[in-house]
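Asks: Sequence:
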Amino acid sequence: MVRKTEKANGNMIGIALGAIALLAILAGAYFFLFMSGKDEAAPETASVCLPSQVTDFLDREKAIKDAPSRIAVYLDASAGMRGYVNPSQGSSNIIANFITETKNYTRSGAIYKGAEKGQVDFYRFDKIIGTKPLAEPEDYGKPAVYTGTETRITDVLALVAKQRTENAKNGNEQLTIIVTDLMLDDTSAADDFEASVGGELRTAVTEDNLAIGILGLRVPFDGPIYHAGKTYPAKLRRRPLIMLMIGQPRHVRSFHDYLSTSETQGLGGPGTESARRAFAMFGQSAGSLQYAPAKVRGTRTGFRSKRATTNPLLARKLGTLQQLNFDKDKTKNDDAKQGLSIALEANATVAPYEVIGDEPRQSSRIWQLSEGEAQSTECFSTMWIAAPELPKTGWKAKGQKINYLLTADTVDLSAIRNPGTYLVQLTAGQAGLVPDHPAAAWMTSWSMSSAQITANLRNRREINAPGLEPLRRMLTNELIENGRETVTRSVSHFVLEVE
Numbered sequence: 083m084v085r086k087t088e089k090a091n092g093n094m095i096g097i098a099l100g101a102i103a104l105l106a107i108l109a110g111a112y113f114f115l116f117m118s119g120k121d122e123a124a125p126e127t128a129s130v131c132l133p134s135q136v137t138d139f140l141d142r143e144k145a146i147k148d149a150p151s152r153i154a155v156y157l158d159a160s161a162g163m164r165g166y167v168n169p170s171q172g173s174s175n176i177i178a179n180f181i182t183e184t185k186n187y188t189r190s191g192a193i194y195k196g197a198e199k200g201q202v203d204f205y206r207f208d209k210i211i212g213t214k215p216l217a218e219p220e221d222y223g224k225p226a227v228y229t230g231t232e233t234r235i236t237d238v239l240a241l242v243a244k245q246r247t248e249n250a251k252n253g254n255e256q257l258t259i260i261v262t263d264l265m266l267d268d269t270s271a272a273d274d275f276e277a278s279v280g281g282e283l284r285t286a287v288t289e290d291n292l293a294i295g296i297l298g299l300r301v302p303f304d305g306p307i308y309h310a311g312k313t314y315p316a317k318l319r320r321r322p323l324i325m326l327m328i329g330q331p332r333h334v335r336s337f338h339d340y341l342s343t344s345e346t347q348g349l350g351g352p353g354t355e356s357a358r359r360a361f362a363m364f365g366q367s368a369g370s371l372q373y374a375p376a377k378v379r380g381t382r383t384g385f386r387s388k389r390a391t392t393n394p395l396l397a398r399k400l401g402t403l404q405q406l407n408f409d410k411d412k413t414k415n416d417d418a419k420q421g422l423s424i425a426l427e428a429n430a431t432v433a434p435y436e437v438i439g440d441e442p443r444q445s446s447r448i449w450q451l452s453e454g455e456a457q458s459t460e461c462f463s464t465m466w467i468a469a470p471e472l473p474k475t476g477w478k479a480k481g482q483k484i485n486y487l488l489t490a491d492t493v494d495l496s497a498i499r500n501p502g503t504y505l506v507q508l509t510a511g512q513a514g515l516v517p518d519h520p521a522a523a524w525m526t527s528w529s530m531s532s533a534q535i536t537a538n539l540r541n542r543r544e545i546n547a548p549g550l551e552p553l554r555r556m557l558t559n560e561l562i563e564n565g566r567e568t569v570t571r572s573v574s575h576f577v578l579e580v581e
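Numbering (the numbering used here), first residue to last: 83 to 581.
Worth flagging that the hints you see were computed from the coordinates, not collected in a lab. Glycine included, each C-beta is placed from N, C-alpha and C at the ideal position. Treat the hints loosely; a few may be bogus.
Label pairs and their computed distance ranges (CB to CB) [said to hold, decoys possible]:
{"id": "1", "residue 1": "Gly454", "residue 2": "Arg499", "range": "49 to 55 Å"}
{"id": "2", "residue 1": "Arg379", "residue 2": "Asp203", "range": "38 to 44 Å"}
{"id": "3", "residue 1": "Asp148", "residue 2": "Thr459", "range": "31 to 37 Å"}
{"id": "4", "residue 1": "Asp221", "residue 2": "Thr343", "range": "25 to 31 Å"}
{"id": "5", "residue 1": "Gly401", "residue 2": "Pro501", "range": "51 to 57 Å"}
Kindly generate the complete structure, drawing on both the sequences and the hints.
Replies: Below, the structure written as structure tokens:
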């Protein structure tokens, strides 16, 4: 009985060892077949690797939030601003209302999604710029705090320019707002407004690619006006108050659009021009881009949605770009109206207050993937080789609607006719900016020369703001020169594997 038991046990042990060995073999086969090629085959050093012309668009959209992380408001505290906050105005106190609405903006759940909210700090400036935020900005809704002897806007703009350099690492997320009457006390700056104030604004637009928003509000005024070395008592039914906004285009738009919907007296109203409110925005780029996917139109065109690669390392380098495939052997449709269609809009997201041309522009770029470079864990500039643009015959425009249709015939005539992996970029935007753009026309009618201001004050007549027309002229001319007027508003990117 003992021997029989030992033999049975030996058989059971043998069967168990055999089962373990079989499981080990199956596990190894599963790992080889299904697990190889996953994350361990794509080292952590691998990252999205695309041409700079593509990442410039993608990074801009990702890096810039929908609303500014911080707003810095500089309040002109010169004595000539008292008339805007005279107690007799009651609910028409424009500066008190502005302070309240700016705080409300940073607390708005519709503007700032989630738990994160915006930050706003208020500073005073006259001859000296306050370096610490105002503890009680609401005090600037009262006349007593307006004791400054000079208005030094140029110094504020120089400080803001310095801050932009320091904030470059975080994408210049600050929106700066200067609230002033534009009555400069620096004689040299006032005499050459276009060079003094305009010079700093020019740099913000042309070098830092920021937007300049100029909001004018005609509001009641009851107080002294200091001009050309003299004091004039004035009680005016309407006098312009100017708000200069400097920041990312989408932040300037966001803040202005919020104010325009305000029911607070004096702040809300139309976006371009009315008797009491006007706004213009200057810049080299749109507040946001419209992304257009490529769509297969028709059947048996040879185009289909398909991953361009099964290599996890290369897939990581391509990021989230749309991927498609073209197989000429599967083309059985001769309809010239079917193929891969990309619908762009040259005027996507445009606002009526933007100083921009209305002539549609479109362009394409192609890069071919260097297969050897694609296998490296590094990101080399030679990974993508520039190729000629797509044939212009594929473009069709109807007004601001721009479409590109890529057919089998178009492929045969293009740089993507040979087998390989290609990256395609198509863009549409606007150009043709004219010097007397209607969105900024109000800046001419709301502007007034120093001599005319003196004459009107002597005769107790209403006055306009100095310097608006020189600013309009300078900013418009800067955008027209050197191709800065072209603004891309709609873009499409996709990777196409051609078999």
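Asks: Please go over all the hints and tell whether each is borne out by the structure.
Replies: Here is what the structure says about each hint:
1. A beta carbon spacing of about 21 Å between Gly454 and Arg499 contradicts the range 49 to 55 Å that was offered as a hint.
2. Checked against the given bound of 38 to 44 Å, the beta carbons of Arg379 and Asp203, roughly 52 Å apart, lie outside it.
3. Between Asp148 and Thr459, the C-beta spacing of about 34 Å keeps the proposed range 31 to 37 Å intact.
4. Hint check: Asp221 to Thr343, Cβ distance near 27 Å, so the stated range 25 to 31 Å holds.
5. Between Gly401 and Pro501 the Cβ separation comes to about 23 Å, which falls outside the hinted range of 51 to 57 Å.
Going through the hint list in order, the structure does not satisfy hints 1, 2 and 5.
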